[in-house]
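Chemist: Okay, here's what each chain looks like letter by letter:
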Amino acid sequence: MKFNLKKSWTIASKDYRTYFTSPIAYIVIAGFLLIMGWMFFFNVSHFNLQAMQYKQFGGKSGSITDGVIRPLYGNMNVIFLFLVPFITMRLFAEERKMQTIQLLMTSPITLGEMIVGKFLSAAMLVGTMLALTVFYPVILFVYGNPDLGPIVSSYLGTFLLTCCYVSSGVFFSSMTENQIVAGALTFAAGLFFWLINWAAQSAGPVFSDVLDYLSLIQHYNNFSQGIIDTTDIVFYLSFIGLGLFFTHRVLDSYRWRS
Amino acid sequence: MIEVSGLTKIYGQRTAIDHLDFTVNKGEIVGFLGPNGAGKSTTMKILTGFMPASFGTAKVAGYDVFDEAIEVKRNVGYLPENPPVYFDMVVEDYLKFAAKLHDISKAKLKPAVDTALEKTGLTHVRNRIIGNLSKGYRQRVGLAQALVHDPQVLILDEPTVGLDPVQIIEIRQLIKSLGGAHTVILSSHILPEVTATCERIIVINKGKIVAQDNIERLTTRMNQGLTFQMKVKSVSNNGIQAIQAISGVKSVNLHDGALAIEINPSQDDIRDRIVEAAVMEKMGVLEFGADKLSLEEVFLSLTTQETTEGVQS
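Just so you know, the protein sequences line up as chains A and B, in that order. Residue 130 in the working numbering sits at position 130 of the first sequence; the count goes up by one each step and never skips. Residue 1107 in the working numbering sits at position 107 of the second sequence; the count goes up by one each step and never skips.
No lab work stands behind these hints: they were computed from the structure. Quick caveat: nothing in here was measured; it's all calculated off a predicted structure.
No more than 30 Å apart at the CA atoms, straight line, and that leaves these computed lysine-lysine pairs for BS3-like:
no., chain 1, residue 1, chain 2, residue 2
1, B, Lys1110, A, Lys6
2, B, Lys1110, A, Lys2
3, B, Lys1108, A, Lys6
4, A, Lys6, B, Lys1106
5, B, Lys1096, A, Lys2
6, A, Lys14, B, Lys1096
7, B, Lys1135, B, Lys1108
8, B, Lys1135, A, Lys97
9, A, Lys97, B, Lys1206
Far from chain A, by Cβ distances over 12 Å, these chain B residues were calculated:
no., residue
10, Thr1015
11, Val1024
12, Gly1027
13, Asn1036
14, Ala1107
15, Lys1119
16, Val1161
17, Arg1200
18, Asp1213
19, Lys1231
20, Ile1240
21, Lys1250
22, Glu1262
23, Met1280
Partner residues aside, some chain A positions facing chain B, computed with beta carbon under 10 Å:
no., residue
24, Lys6
25, Gln99
26, Pro108
Note that beta-carbon positions come from the ideal geometry of N, C-alpha and C, so glycine has one too.
In isolation and in its complexed conformation, chain A is listed as follows (with noise of 0.2 Å):
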């Protein structure tokens, strides 16, 4: 079947607009940004302080990507892990609810199409609120000479975790009239996929490796240390396309029984 990106991106820009149009984006861009920005100043100055103490017994002080970067990105994700089901609820449970999703059902776009383009409109969004971090590192550049490699490898690690949330909202979405069970479920599942490796130390040694794979956040490990890995980059393509697909299955079904 042909795919047609242009039709994704008529749906994608329409929905990254809405965000817009409402509070949503505004409240989450919001409260991220607050919280990151009270992160970064807490690291900023613990570093600081440290350093100094280093200073005056003439140690050496810990570099700034273990001291500041590491530790910030890696906060980052834990709060996109509480904000992507906001974003992400109401992308297929609004339209079934309202039942605009008549409207896209019945224009000649493909399902696949249509679910790229609701994934996009959140990740955009999502891309967004990365590019308002851009200016932390750069005041860590300014005041100091921080690795750029961490700081670039953070990002995009960040961006792929993020985007795994956002295509298991996409999916949890997909499946309710119900914005609240939506993000409850896209919450949860998000959790148990970072926390799924916690069993892997008790678990048999192939059974451990399993879940050690499986886990989302022990993929960002490497991205957090500079290293860009294809494995990790193949894992993280993999959840996304995985919950994209089952997204078709269900708004496929949802066709049959409406």
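Based on these hints, arrange chain B on the given structure of chain A.
Modeler: Quick look at chain B alone, frame taken from chain A:
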């Protein structure tokens, strides 16, 4: 333009529509008439390619609704029961979005939206947010959405529901004006709605077609005879007898000061002679006309009785 044969849709245990067969020609306006739950919406959803049928085939504009759904969707404008409008969007942006979804190129976008706004009388609210509009206007926005890509076929599910009388007349006129250039199917459970806009009606009940014909023929076919109402100033037995004496008059009954005159079907037009007789007898004719309820009764008898032999054509 639309060919349906053996169309069946089964939801679990329930058969929503049962072996429907009908065709709609190009430029025709056809009314889908039936009580609530008769299967009108289900049929329409299948024709738009929204929902697959369980059995049977349907072709719209020459394309199979299942195998060539995208082509069907490109050629169909659909107004569902609830207009599929985004409450947080501006009217114009919404129509642009709908047009883009239907492959309208960037150059033709503005003229297409302008035409749809004009046709549906929405030009003065183009910059308003849809959620702030009244129900009637939202319905019109939904209709504009169905029209914006200038489709060959329009499928309108209860297009005038929730509108005020003035708006109803406007929308009916609009739909009538669409005939010829577009093929229109509209559904309704209100009879006058269909008689006012459609050339042909398909009566559907419990998932089956119980009658399909043009309106006049359906009426005469179903009624044993047409009934006329005559309001008179003074009723006289002589007058009643005089009317009864006219050949073709089946019966004359008096109730509520009005004469109900039943005539045999397929007779020459004897209305003038009935009035003439009443005037000669000095009954003082105030009103004379066809019984408005007759088609309503046809509808009722079609959808409540099982004996429909000879009605299907």
